[in-house]
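Colleague: Spelled out from the first residue to the last, the chains are:
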Amino acid sequence: MNQRPVYIDLRKIKLPMSAFSSITHRLSGMYIFFISLPLFIYLLFVSTKNKTSFDLIYTSLQSISVFSVFVFISFSILWYHILTGVRHLVMDFFHIGETLKGAYYSSIFVLVLWVLTTIGLFGYFYL
Amino acid sequence: MGSDNNWSIWIFLFMKGSVIWFIQRYSSLAILAYFLYIAAYIINASGSYYDWTRFIASIEMKAITSVISALIICHAFIGLWTVGTDYLTQRTLGFLNSGLSKKAELIRGIYLFIFIFSGLLYLGSILYIIWKI
Numbered sequence: 000m001n002q003r004p005v006y007i008d009l010r011k012i013k014l015p016m017s018a019f020s021s022i023t024h025r026l027s028g029m030y031i032f033f034i035s036l037p038l039f040i041y042l043l044f045v046s047t048k049n050k051t052s053f054d055l056i057y058t059s060l061q062s063i064s065v066f067s068v069f070v071f072i073s074f075s076i077l078w079y080h081i082l083t084g085v086r087h088l089v090m091d092f093f094h095i096g097e098t099l100k101g102a103y104y105s106s107i108f109v110l111v112l113w114v115l116t117t118i119g120l121f122g123y124f125y126l
Numbered sequence: 000m001g002s003d004n005n006w007s008i009w010i011f012l013f014m015k016g017s018v019i020w021f022i023q024r025y026s027s028l029a030i031l032a033y034f035l036y037i038a039a040y041i042i043n044a045s046g047s048y049y050d051w052t053r054f055i056a057s058i059e060m061k062a063i064t065s066v067i068s069a070l071i072i073c074h075a076f077i078g079l080w081t082v083g084t085d086y087l088t089q090r091t092l093g094f095l096n097s098g099l100s101k102k103a104e105l106i107r108g109i110y111l112f113i114f115i116f117s118g119l120l121y122l123g124s125i126l127y128i129i130w131k132i
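In the order they appear, the protein sequences are chains A and B.
In this text, residue positions in the first sequence follow numbering that gives the first Met the number 0: the first is 0, and each later residue adds one.
In this text, residue positions in the second sequence follow numbering that gives the first Met the number 0: the first is 0, and each later residue adds one.
Derived by calculation from the structure, the hints in this document are not laboratory data.
Note that the structure is a prediction, hence the values are computed from the model and not measured.
Any given hint could be a false lead.
Residues from chain A that face chain B, not an exhaustive set, calculated with beta carbons under 7 Å [as the list claims (entries may be wrong)]:
id	residue
1	Gly28
2	Ile40
3	Gly84
Covered stretches of chain B (in silico footprint by chain A; criterion: 3 or more residues with CB under 8 Å from a CB of chain A, positions within the stretch not fixed) [what the hints assert, rightly or not]:
id	stretch
4	45 to 54
5	120 to 128
Taking CB as the label site, the calculated pair distances span [what the hints assert, rightly or not]:
id	chain 1	residue 1	chain 2	residue 2	range
6	B	Ser97	A	Ile95	42 to 52 Å
7	A	Leu55	B	Asn96	39 to 49 Å
8	B	Ser57	A	Phe108	34 to 44 Å
9	A	Ser67	B	Ala56	20 to 30 Å
10	B	Val66	A	Met16	34 to 44 Å
11	A	Val68	B	Gly46	18 to 28 Å
12	A	Tyr41	B	Val66	20 to 30 Å
13	A	Phe33	B	Ile22	20 to 30 Å
14	A	Leu26	B	Ala29	21 to 31 Å
15	A	Val68	B	Ala38	13 to 23 Å
16	A	Leu115	B	Leu119	34 to 44 Å
17	B	Val18	A	Asp54	39 to 49 Å
18	B	Ile115	A	Leu99	32 to 42 Å
Yeah, the Cβ is synthetic: ideal placement off N, Cα and C, and Gly gets one too.
Kindly generate the complete structure, drawing on both the sequences and the hints.
Modeller: In structure tokens form, the structure reads like this:
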């Protein structure tokens, strides 16, 4: 095997839109596993422990605070992972959007959809 | 693949690549359905502790949550393992630093250990919390 290193300097390589979608799907997956999942388990623990801790977490999540926004961001990154994941599933199972142009537009579509729904949900929960 | 094809691959050796591929895709559908169900509950939730625990601690939800947690861990292991074998290799680490590239197998081994350890810890915590209620 060729032992020479591969050149993958991400700061210099200009990623096409579909590659951006793919790599952010992977990055969001890493974030979910190492940060969101422990947080969700913590929320599950606190919300089922007793009535006092449930009420405390319920009210604290309804106002804007560092913790509350951190929880919101963790859920919105899971939402992003779901959207890009569904995009990959559509390509894998139905072979839709596998062309260069199709992958470009579906990436843009997913990104725009995520930004709009995240803004909408932020307004819905906090305003 | 030479030396990049190291011992850390043994975990998935007993499965064909296509089986791993299908497990990851189909588990994602089950996990998605579960999250949509939970999201639908939360949107319509009353905000009462008793309603929430009656929902999450019902025997059906305990069983479903246990199965889905195991699927989440499988799904995550396959994804994390793929990322590790893609980026934490001799060739890809070599562009950062030639010293790092010599330690690629060790780095990937540590990474593998960390995510397997965390995954099992998550699974244990979820099962403990769910079945204790």
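Colleague: For each hint, tell me whether it holds in the structure or not.
Modeller: Against the structure, the hints:
1. Gly28: 5 Å, holds
2. Ile40: 5 Å, holds
3. Gly84: With Cβ-Cβ at 6 Å, under 7 Å, it holds.
4. 45 to 54: This one holds; 5 residues, not fewer than the three required, reach chain A with a Cβ under 8 Å.
5. 120 to 128: holds (count 4)
6. B/Ser97 / A/Ile95: 42 to 52 Å: 43 Å, holds
7. A/Leu55 / B/Asn96: 39 to 49 Å: 47 Å, holds
8. B/Ser57 / A/Phe108: 34 to 44 Å: Given a distance of about 38 Å, which is inside 34 to 44 Å, the answer is holds.
9. A/Ser67 / B/Ala56: 20 to 30 Å: With a Cβ separation near 25 Å, A/Ser67 and B/Ala56 satisfy 20 to 30 Å, so the hint holds.
10. B/Val66 / A/Met16: 34 to 44 Å: 36 Å, holds
11. A/Val68 / B/Gly46: 18 to 28 Å: 20 Å, holds
12. A/Tyr41 / B/Val66: 20 to 30 Å: Since the Cβ atoms of A/Tyr41 and B/Val66 sit about 21 Å apart, the hinted range of 20 to 30 Å holds.
13. A/Phe33 / B/Ile22: 20 to 30 Å: 21 Å, holds
14. A/Leu26 / B/Ala29: 21 to 31 Å: 23 Å, holds
15. A/Val68 / B/Ala38: 13 to 23 Å: Holds, since A/Val68 and B/Ala38 (Cβ atoms, about 19 Å apart) stay within the stated range.
16. A/Leu115 / B/Leu119: 34 to 44 Å: 38 Å, holds
17. B/Val18 / A/Asp54: 39 to 49 Å: 46 Å, holds
18. B/Ile115 / A/Leu99: 32 to 42 Å: 37 Å, holds
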